[in-house]
Amino acid sequence: MAQQLSVFLENAPGRLSRLARFLGDKDINMHALFVADTSDYGVARVICDKTDEAVAALREAGFSVTITEVVAVEIPDRPGALADLLDAIAAENIDISYSYCFVEPATKNAVNVFRLKDKTAAERIAAAGFRVLSDADLHA
Amino acid sequence: MKKIWNEAAECMPRAQLEAMQLEQLKVLVPHLYNTVPQYKAKLDAAKIDPHGIKVLSDLKYLPYTVKQDLRDAFPYKMFAAPMADIIRLHASSGTTGSISVTGYTRYDIDTWSECVARSIVAAGGEKDDIIHVAYGYGIFTGGLGLHYGAEWMGACAIPVGGGNTKRQVQFLRDLVTKGGMGCTPSYALLIAEAARELGEDPTAWPLRYGIYGAEPWSENIRTELERQLGIDAYDIYGLSEIMGPGVGFECEVKNGLHIQEDHFLFEIVDQQTGEPVPDGEYGELVITTPDKQGQPLLRYNTRDVTRVIPEPCSCGRTHRRIERVTGRTDDMIIIRGVNVYPSQIEQILMSYSEQLAPQYQVIVTKHGSMDHMEVQVELNPTFDFDEIRSLEALRAEAREAIRTTLAVNVELNIVEPHSIERTQGKAVRLIDKR
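Sequence lines, in order, name chains A and B.
Each residue of the first sequence is one higher than the one before, starting from 1 at the first, in my numbering.
Each residue of the second sequence is one higher than the one before, starting from 1001 at the first, in my numbering.
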């Protein structure tokens, strides 16, 4: 399992930039950012290199932030790779709440991040032959 | 532990109480007729013989006093005692318009202190208690009212007043080694929130009870106060025109407020017709102050909406109870022809306390010719908001609950924690921009 920051933001100009600037000033590097929004508010989901430090600093500064356990799976960056992974997840009958992906510059592999309700999902995806990344893998 | 301060007065048999009220009223009406020109004019206009009171129910023939009468009498025209006997002035907090002044004689201050003392003891107060008073001191009746009541029953009052929330936290933690606190319920929540931010756990403090008033609050806010502060939370009712806090209070039963009928005669009247309503029905609370000296009032319409709880209370007091005040008709807003009280919205929002924080604001605007009501409520920072669909489902459900209850459409927005401005006195729940 990997840890993701979820930050509650009012949907107004400057809110996301305030978050990004804040993390930048604290020398925290984001690997991935995914924003879900409604007309009035949004939730910014962030994978970054210093999760605990980021949470403490954000709370201190008055941001509403929680840590969400997500499953990060490494797949080759080629056509059809994501479909293979999703087939495997569907075969295990695991529900996906949301998903986003980013490419690791070092390995040129894609990392697909999922929020899954099923607690045993990570083990079962690994058992199906996929590489599930830990926090340490993500920050390497 | 006996939680009744003055058993003779508070548990007086009804027949004796009513006989006393009648005797007081028979003295009050002629006295007001002779000393306050405004009352002479009112009674003459209504063709009332000031000596004609025969039974207590004759009260209903007397003219009302309304807020405007007090404004017209500004500053001292309704005082029934000479300034030589007046020892204190207070004024209304002015939440709903211009101020009006009240004068107190020594006897009035003592009565008030006695009434508040009864309220504190009913909440569990004892003589060796320390009572942290975080109501505003000064011209507003909250601070000095609770202060004098605490001293009257022999407790130790700390006159903290409002403001400096960090100091409030420190005093509550370090100075209240046994006892309680008093302030507005919204300020108590703010103090609890500030304590947590400072790394404190208020439920670990020795604080046992809180006496909260000066704004309408709901049963859900009680649950929240009790959970966050680890105390018993009690409502206290009053208004400066009548006296201040202590006109009514909750006993340990926490079901309605006993009006202190040995000092305050009350009626519930129909908002439109002004006729008394049958027991148990909702209407406006009207109070007469039979033994007040400084500025006694005949049938003062508080505009507070409530009902009588007709059943006797299991605490043993004979003074009748009213249901907690749901709102003042002055605070009522009319949205597309429908009467709405901010407290009704609060009740609904607070039933989602896991997801929402007890901080909200109602903003009314005009969209073209149509009234538009927006409710902003803060997210509870401990809620797992990552899955937007659960927040959106909650938002739809709460909006539907408000629409069904109030019969008005509402825009409900969940906002960031701490984004609604906090106040140290009465919370600003309504912003009417029309």
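Incorrect hints may have been included.
What the hints assert, rightly or not - Lysine to aspartate or glutamate pairs mimicking EDC-like chemistry, simulated, CA-CA at most 16 Å apart: (1) B:Lys1067 to B:Asp1049; (2) A:Lys117 to B:Glu1387; (3) A:Lys117 to B:Glu1151; (4) B:Lys1166 to B:Asp1128; (5) B:Lys1040 to B:Asp1072; (6) A:Lys117 to A:Glu92.
Claimed, not checked - Some residues of chain B that are not near chain A, with every Cβ distance over 10 Å (derived): (7) Gln1068; (8) Ile1309; (9) Ser1351; (10) Pro1381; (11) Phe1385; (12) Arg1389; (13) Pro1417; (14) His1418.
Stated by the list, open to error - Ranges between beta-carbon positions, derived for each pair: (15) A:Glu10 to B:Ala1041: 51 to 59 Å; (16) A:Ser97 to B:Glu1354: 13 to 21 Å; (17) A:Arg78 to B:Ser1353: 28 to 36 Å; (18) B:Ser1353 to A:Lys119: 54 to 62 Å; (19) A:Lys119 to B:Cys1011: 34 to 42 Å; (20) A:Asp27 to B:Thr1404: 45 to 53 Å; (21) B:Ala1194 to A:Arg78: 49 to 57 Å; (22) B:Lys1077 to A:Pro13: 53 to 61 Å; (23) A:Ser97 to B:Asp1174: 44 to 52 Å; (24) A:Glu60 to B:Thr1405: 33 to 41 Å; (25) A:Glu53 to B:Gly1368: 20 to 28 Å; (26) A:Asp95 to B:Glu1400: 44 to 52 Å.
Hints were generated in silico from the structure; no laboratory data involved.
No residue lacks a Cβ here, since even glycine has one placed at the ideal position from N, Cα and C.
Taking the hints in turn, this is what the structure says about them:
no. : hint                              : verdict
1   : B:Lys1067 to B:Asp1049            : 24 Å, violated
2   : A:Lys117 to B:Glu1387             : 11 Å, holds
3   : A:Lys117 to B:Glu1151             : 58 Å, violated
4   : B:Lys1166 to B:Asp1128            : 26 Å, violated
5   : B:Lys1040 to B:Asp1072            : 15 Å, holds
6   : A:Lys117 to A:Glu92               : 13 Å, holds
7   : Gln1068                           : 41 Å, holds
8   : Ile1309                           : 41 Å, holds
9   : Ser1351                           : 21 Å, holds
10  : Pro1381                           : 5 Å, violated
11  : Phe1385                           : 5 Å, violated
12  : Arg1389                           : 8 Å, violated
13  : Pro1417                           : 5 Å, violated
14  : His1418                           : 6 Å, violated
15  : A:Glu10 to B:Ala1041: 51 to 59 Å  : 56 Å, holds
16  : A:Ser97 to B:Glu1354: 13 to 21 Å  : 19 Å, holds
17  : A:Arg78 to B:Ser1353: 28 to 36 Å  : 49 Å, violated
18  : B:Ser1353 to A:Lys119: 54 to 62 Å : 27 Å, violated
19  : A:Lys119 to B:Cys1011: 34 to 42 Å : 59 Å, violated
20  : A:Asp27 to B:Thr1404: 45 to 53 Å  : 51 Å, holds
21  : B:Ala1194 to A:Arg78: 49 to 57 Å  : 55 Å, holds
22  : B:Lys1077 to A:Pro13: 53 to 61 Å  : 55 Å, holds
23  : A:Ser97 to B:Asp1174: 44 to 52 Å  : 46 Å, holds
24  : A:Glu60 to B:Thr1405: 33 to 41 Å  : 39 Å, holds
25  : A:Glu53 to B:Gly1368: 20 to 28 Å  : 50 Å, violated
26  : A:Asp95 to B:Glu1400: 44 to 52 Å  : 26 Å, violated
Of the numbered hints given earlier, the model fails hints 1, 3, 4, 10, 11, 12, 13, 14, 17, 18, 19, 25, 26; all others are met.
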